[in-house]
Every structure is written in C-alpha cells, then in structure tokens.
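So the protein sequences, as listed, match chains R and V.
Numbering follows the numbering used here, with no gaps: position 84 of the first sequence is 84.
Numbering follows the numbering used here, with no gaps: position 24 of the second sequence is 135.
Calculated from the structure, these hints are not laboratory results.
Hints are supplied without guarantee of correctness; some may be wrong.
[Stated by the list, open to error] Cut-off 30 Å, straight-line C-alpha distance, at most; resulting in silico cross-link-like pairs (BS3-like, lysine-lysine):
hint, chain 1, residue 1, chain 2, residue 2
1, R, 5, V, 168
2, R, 71, V, 124
3, R, 5, R, 71
4, V, 168, V, 124
5, R, 68, R, 5
6, R, 5, R, 54
7, R, 71, R, 56
8, R, 68, V, 168
9, R, 68, R, 54
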Amino acid sequence: DQQVKQNSPSLSVQEGRISILNCDYTNSMFDYFLWYKKYPAEGPTFLISISSIKDKNEDGRFTVFLNKSAKHLSLHIVPSQPGDSAVYFCAASGGSYIPTFGRGTSLIVHP
Amino acid sequence: KAGVTQTPRYLIKTRGQQVTLSCSPISGHRSVSWYQQTPGQGLQFLFEYFSETQRNKGNFPGRFSGRQFSNSRSEMNVSTLELGDSALYLCASSRGLAELYEQYFGPGTRLTVT
Chain R
1 DQQVKQNSPS LSVQEGRISI LNCDYTNSMF DYFLWYKKYP AEGPTFLISI
51 SSIKDKNEDG RFTVFLNKSA KHLSLHIVPS QPGDSAVYFC AASGGSYIPT
101 FGRGTSLIVH P
Chain V
112 KAGVTQTPRY LIKTRGQQVT LSCSPISGHR SVSWYQQTPG QGLQFLFEYF
162 SETQRNKGNF PGRFSGRQFS NSRSEMNVST LELGDSALYL CASSRGLAEL
212 YEQYFGPGTR LTVT
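Just chain R, same shape as in the assembly (with noise of 0.2 Å):
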C-alpha cells in the first residue's frame, strides 16, 4: 500500500511557463515533506522541504505548497526551463516514520 503517491507518471510543459507536480500521502503522522530531482545516471538531489506547520515554501523558482487537511502537496516552478526536465520525488517523513517516496513524476520543459 502506497503512503505516498504521485500520481502523474509524466508531465510536459513548455518552457516559460507553470509545472506543477502533485503529491498525495495517507498517513496522517507524516510531518515533514520534501522534493527531489533526479537527473538519468545520477542519484537524487534535494530540491525543497516545507514541515507540516507552514503552508507554503518558496525557494526562488520553486514554491512547495502543503494542504494538511487533504494530505497532498504540490510544487510549482516557474517559470519552467529545459534544464529542470528530470524526475521529481515527492517524500514524507517524520516522528519515527522512515522517509517514505512517491514512484516520481517524469517532467519535460519544451524550448
């Protein structure tokens, strides 16, 4: 049973403009939530983080969004560039809960 879905496998967007990705948990004891990008041949790299007391985090072209009440979060970016075409994990963790992740979502910005 996922605890952490992301349930677009792909996204295409054009650059310049919004990509958002969305992320949904189901357990509620998850406090913490973060974003990762994976480039091929390379392993994940931390992207963004937002802990379960904020509702919005924001790191220049990147702003992470949490709606507790319906467990799901979001990231936007933008505008979007070919360069940030990668896969992007979602994960959430906390208390005594291991960093759990979603299957990704593969992201492709056309010039």
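Model the placement of chain V on the given structure of chain R, informed by the hints.
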C-alpha cells in the same frame, strides 16, 4: 565539500552469489540510509544507520544487511542474489536522523544479477 560517493558504480553478479556495496557519506554526516530503486517502484527504503547503529529497516528479506563504521562509512551486503535484486542501489547521508533532515544521495550502484 565532497558529495556522497558509492563504489562500485556498476556490478554484474550471478544468481546465488553475494555482493558488498560501499558508501562514503558527506563529511560530518552521521546518518546513512540505503534505498533500492527499480523501474516503476520508486525508492524503497532498505535501512538507516546512525552512529554505527541500525535505526530502521525496511521490508526486505534478511539477505539484505548492512553496517556502519566509526567514520560513518557504510556497507551494504546482499547474500544469495536473486534475479529480482537487479536494481539501482542508492546511498544517502544526512546531518541528522533521516526522518528529520534532507538527504544527500550518491550516484548509486547499478547491480545486475544474471
């Protein structure tokens, strides 16, 4: 600061053999976690070591084991390899407990079992 390093990068083994993978964390990081990544399955947590002690273990058979040394370097061992063990094995380090801090991943070891 040097990143997480993993050796070897690629490995081909035969069913029934055993394999040991190595991971050197970022300097100062005391937590090392191991993950298995297979197509369509995302990252599956194997175990976490902190200060040479295994803190958590994922839902994997006992054939998968690991250890951490006093310098925080970690090794992962898989005995009696099966075809299904073919995967990318990722090591990640963090400055504190994995559930509280972001993790920094190595490039992974690609294991192929034939």
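Quick rundown of the hints versus the structure:
| no. | hint | verdict |
| --- | --- | --- |
| 1 | R:5 x V:168 | 21 Å, holds |
| 2 | R:71 x V:124 | 42 Å, violated |
| 3 | R:5 x R:71 | 11 Å, holds |
| 4 | V:168 x V:124 | 24 Å, holds |
| 5 | R:68 x R:5 | 15 Å, holds |
| 6 | R:5 x R:54 | 21 Å, holds |
| 7 | R:71 x R:56 | 14 Å, holds |
| 8 | R:68 x V:168 | 27 Å, holds |
| 9 | R:68 x R:54 | 9 Å, holds |
Against the hints set out earlier in the document, a violation occurs for number 2 only.
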